[in-house]
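*Asks:* Residue numbers (this note's numbering), protein chains in the order written: chain A, 678 to 896; chain B, 2 to 286.
Since the hints were derived computationally from the structure, they do not count as laboratory data. All C-beta atoms, glycine included, are put in the ideal place defined by N, C-alpha and C. Some hints here could point you the wrong way.
[Said to hold, decoys possible] Over 10 Å on every C-beta distance to chain A, these chain B residues come out as not near it, computed from the model:
#1 H4
#2 K20
#3 N61
#4 C76
#5 F84
#6 M106
#7 P113
#8 D137
#9 F225
#10 V232
#11 K242
#12 I257
#13 G271
[Said to hold, decoys possible] The calculated lysine-lysine pairs, modelled on DSS-like cross-linking and capped at a C-alpha distance of 27 Å, are:
#14 K270/B / K65/B
#15 K730/A / K285/B
#16 K730/A / K64/B
#17 K285/B / K270/B
#18 K794/A / K853/A
#19 K794/A / K730/A
#20 K283/B / K64/B
#21 K730/A / K270/B
#22 K791/A / K765/A
#23 K221/B / K77/B
#24 K221/B / K275/B
#25 K859/A / K809/A
#26 K6/B / K769/A
#27 K730/A / K853/A
#28 K242/B / K64/B
#29 K730/A / K65/B
#30 K765/A / K809/A
#31 K859/A / K882/A
#32 K6/B / K46/B
#33 K201/B / K270/B
#34 K64/B / K47/B
#35 K270/B / K283/B
#36 K730/A / K283/B
#37 K6/B / K20/B
#38 K769/A / K270/B
#39 K221/B / K65/B
#40 K769/A / K283/B
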Amino acid sequence: MGVFDVVGPVMIGPSSSHTAGAARLGKMVRNILGEQPIEAIIYLYGSFAQTYKGHGTDKALAAGLLGFSAEDPRIREALTLAVQSNMKIAFKTVTDTGYHPNTAEFELRGQSGKTLKVVGASVGGGKIVVSKINNYDVEITGEYFTLIAIYPDKPGVIAAVSHMLARYNVNIAFMKVSRQEKGEQALMIVQTDQLIDEETLFSIKSLPVIHSALVVQPL
Amino acid sequence: MIHFKSSADLVALAEKTEKPLSNIIWEWETERSESLPDKVWEEMKKRLHVMKQAVMQGMNQPKKSFSGLAGGDACKLASGNSFIGPVVAKATAYAIAVSEVNATMGRIVACPTAGSCGIVPGAICAVQDFLHCSDDVLVRALFTAAGIGQVIADNATVSGAVGGCQAECGTAAAMAAGAVVEMLGGTPGQSAQALALALKNMLGLVCDPVAGLVEVPCIKRNAFATVHALVAAHMALAGIKSIIPADEVIAAMYQIGLDIPRSLKETSKGGLAKTPTALRLKEKL
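Whenever a hint applies, use it, and build me the whole structure from the sequences.
*Replies:* Structure representation (structure tokens):
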């Protein structure tokens, strides 16, 4: 946490958790999808469900999905702009769960037909944590360059990826791996201090053990 | 490497190096973020710019919030010629102006939160009008404010949901108080005294947003907390000391925050949020 977390973020009001955090969460989810969704169903939990209209949380989430930042005044018109850019969004409220009080669950369909399920929360001061991608447990904060890779759960894959990052002089800040079942498909989240450029990503993708990989920029 | 954990650390660093608090914080952020000093300065200047725009917008272009609960009060306070004196009158108006802009989904700087976003700009912009000083002085003030906020965030909380409104508006008042002391030529030690005096007197403040929105009572609370910060700075500059040291006040604020029942911490299940009028407003929204 630094100076600009205390004096900041610069944001569109009225709430750092409900508006700025929501916009950042939407943008993060869009980045993970890798394209603009054409359809989004967003389930709102806890405090998001109770006060989203008054705080403009629905507008902020839509703005994020459109790729707007938390300080973009277009957040106010985001629901209209979403319709104009052929993005269909439905909000559904859910009560009574064990999730963080400011949680949103996204079901997305992208322009290319790709689908994605993401769960994330706005955890205060505009900060966010993405906690689930499809059925994998993850932890992505949007503060770092993040590599998301899918691979078979077997020895040596993590070593191969970290070796490749080391070769390109990229330092790993945080790392989390999860799998659906032992020996099945697994997902790796690597957050790094340095940019993971096209060349590095290409080299990681070229590793025979990696099924797919993508890099998400910091928010 | 600059390292601090408490306000006492900050004051000690400033005294040892004979630098103002703002310099210590500026250097710390530069080191921490591995950026260039100029870049960090520009980043803070950008925040000042956003704050000033919000002050102007709130003062000159009043707008109702979506709920209809907020808007137009800053204009009512526009004249600086009042019986409470120009600095206090302006600080109050500016603080409400920024908070009103926040309520209408305008652009603001969370400082430390969106609900308390009017306090620091309200105080420092009103003092600028009084001193006729440059914007650079305000950028410095923001670094000092940030350092104080940082210490509180590290040792306690700046979240109303965790610690009650004392953690939001109380912290903002402490940040503003310390910053104003530096603007007026006070010492780092006096900034810490102002921090203590301001925060000490806002202990036990509950977070009870009406209908779940940071419009009632938060906007007006921003105005009061701004004046609070100015009085704390005024006292500290006169040499008045808080008998309880700043870091102990911060610890007490945190403990009180944990002791405050959940109903009074941004849940809208207690306090003003549970009054008959509040419940009626909630139904209408």
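*Asks:* What are the numbers of the hints that this structure violates, sorted from low to high?
*Replies:* Result: hints 6, 7, 26, 27, 28 break, sorted rising.
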